[in-house]
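Work out the full structure, taking the sequences as your base and the hints as a guide.
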Amino acid sequence: MASLKALKDRIGSVKSTQKITKAMQMVAAAKLKRAQNAAEAGRPYAQRLEKVVASLASKVTISSTTPKLLSGTGKDDVHLFVVATSDKGLAGAFNANIARLARREADKLIAQGKTVEFYTIGRKGRAVLRRLYPKQMKHAIEPGDLGKLTFDDAHEWAEDLIKRYEDGEFDVAHLFYSEFQSVLSQVPTQQQLIPVKIPEGAAEEKSSAAVEYEPDEEAILADLLPRNVAVQIFRAMRENAASEQGSKMTAMDNATRNAGDLIKRLNIEYNRKRQAAITTELVEIISGAEAL
Amino acid sequence: MPLHFELVTPEKLVRSEEVYQVVVPGAEGDFGVLANHAPFMATVRDGNLTVYAEEKSQPETIAIRGGFAEVNDKGLTVLAEHAE
Chain F
1 MASLKALKDR
11 IGSVKSTQKI
21 TKAMQMVAAA
31 KLKRAQNAAE
41 AGRPYAQRLE
51 KVVASLASKV
61 TISSTTPKLL
71 SGTGKDDVHL
81 FVVATSDKGL
91 AGAFNANIAR
101 LARREADKLI
111 AQGKTVEFYT
121 IGRKGRAVLR
131 RLYPKQMKHA
141 IEPGDLGKLT
151 FDDAHEWAED
161 LIKRYEDGEF
171 DVAHLFYSEF
181 QSVLSQVPTQ
191 QQLIPVKIPE
201 GAAEEKSSAA
211 VEYEPDEEAI
221 LADLLPRNVA
231 VQIFRAMREN
241 AASEQGSKMT
251 AMDNATRNAG
261 DLIKRLNIEY
271 NRKRQAAITT
281 ELVEIISGAE
291 AL
Chain P
1001 MPLHFELVTP
1011 EKLVRSEEVY
1021 QVVVPGAEGD
1031 FGVLANHAPF
1041 MATVRDGNLT
1051 VYAEEKSQPE
1061 TIAIRGGFAE
1071 VNDKGLTVLA
1081 EHAE
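In the order they appear, the protein sequences are chains F and P.
Using the working numbering, the letters of the first sequence correspond one by one to residues 1 to 292.
Using the working numbering, the letters of the second sequence correspond one by one to residues 1001 to 1084.
These aren't lab readings, by the way, just hints derived from the structure by calculation.
Keep in mind the model is a prediction, meaning the values are calculated, not measured.
Careful, some of the hints might be misleading.
Simulated pairs of lysine-lysine, DSS-like, Cα-Cα distance not exceeding 30 Å [as the list claims (entries may be wrong)]:
1. P:Lys1012 - F:Lys31
2. P:Lys1074 - F:Lys197
3. F:Lys148 - P:Lys1012
4. F:Lys31 - F:Lys148
5. F:Lys51 - P:Lys1074
6. F:Lys197 - F:Lys148
Some but not every residue of chain F turned toward chain P, in silico, with C-beta under 10 Å [what the hints assert, rightly or not]:
7. Gln36
8. Ala38
9. Ala41
10. Pro44
11. Ala46
12. Leu49
13. Thr150
14. Phe151
15. Asp152
16. Val211
17. Tyr213
18. Pro215
19. Glu217
20. Ala230
21. Val231
22. Arg235
Covered stretches of chain P (in silico footprint by chain F; criterion: 3 or more residues with CB under 8 Å from a CB of chain F, positions within the stretch not fixed) [to be verified]:
23. 1008–1021
24. 1035–1047
25. 1055–1063
26. 1066–1074
Even for Gly, the Cβ is constructed at its ideal location relative to N, Cα and C.
Written out as structure tokens, the structure is:
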């Protein structure tokens, strides 16, 4: 039976845990606001670039001179999974959900006899995947604080990926990240990164006048495609940053509430025990007095 | 009639305003864009954008890197990786 002292200590420790989770929740809420704003600020660029690339791609006919980033290598034997998670835990199922989706897709492709390799951004995803596929880890990046990433970082990774692609290390690259929908819902998402996928219907903007190009369409396309890869990665990182904070906020909110419940229960137990002790004492005194 | 000019980077929308003229450092030579310019697309070399808010006003320069310019009937949009 736990003594009164032990119960009191227990309550104290749960209370300080609650303080910490409460603080983490508030920090996550503040960071979420910022991450959300950042994700929104980046949207115009991504949208315009996508539209331009789509309209250019619809004009260019696939030939041997078409950039490989658009036409593909003509095979789909080796798939590279770029799995973007975060470096830090304590964010609910955020990292686990992304890793699970990647794993499911990977197993599907492996069952079809394809080779799957992993390129991880973020320590948490890497830890899970390395345990399952120790031989297929290609490269790992530790991005640090997702909220502080700049476009230069994404650009660097994109360049590295494109170089590997051109060296023939893989045929298709998929990007895994968590799309931010709301504080309560973040959806793990898979997206084809290389070759560049042209969204259907995006090029449907009919312009009345003929557009002039300088240099020609194909040269512009060759210039824009690598940039598009970087932008997609950057966008995914931004989404991830918002998702991570949203997920962390919910997780910490739950933890705070659980701690509250626990404190309530422990308090009741403590009071009950205190009363029992007092009653015993009284009984002792009264029976002592009666004996006289 | 003023020209609608937008400068966008992956991190944010830097400018969105009505101006008189913008001179863009195109990959194959500088070009100036006034209102009602014909539709045009060009890659941009690293350099300075020169923005004239009014016809006779002092030009303002914005350094950009890694860019691309599009002129359509809505105006001029410059997509740049960096802008200062």
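The hints, checked one at a time:
| no. | hint | in the structure |
| --- | --- | --- |
| 1 | P:Lys1012 - F:Lys31 | holds, 18 Å |
| 2 | P:Lys1074 - F:Lys197 | holds, 27 Å |
| 3 | F:Lys148 - P:Lys1012 | holds, 14 Å |
| 4 | F:Lys31 - F:Lys148 | holds, 11 Å |
| 5 | F:Lys51 - P:Lys1074 | holds, 15 Å |
| 6 | F:Lys197 - F:Lys148 | holds, 28 Å |
| 7 | Gln36 | violated, 13 Å |
| 8 | Ala38 | holds, 7 Å |
| 9 | Ala41 | holds, 4 Å |
| 10 | Pro44 | holds, 5 Å |
| 11 | Ala46 | holds, 7 Å |
| 12 | Leu49 | holds, 6 Å |
| 13 | Thr150 | holds, 7 Å |
| 14 | Phe151 | holds, 4 Å |
| 15 | Asp152 | holds, 8 Å |
| 16 | Val211 | holds, 4 Å |
| 17 | Tyr213 | holds, 5 Å |
| 18 | Pro215 | holds, 6 Å |
| 19 | Glu217 | holds, 8 Å |
| 20 | Ala230 | holds, 8 Å |
| 21 | Val231 | holds, 6 Å |
| 22 | Arg235 | holds, 8 Å |
| 23 | 1008–1021 | holds (count 6) |
| 24 | 1035–1047 | holds (count 6) |
| 25 | 1055–1063 | violated (count 0) |
| 26 | 1066–1074 | holds (count 5) |
The structure fails hints 7, 25 (numbered hints given earlier, in ascending order).
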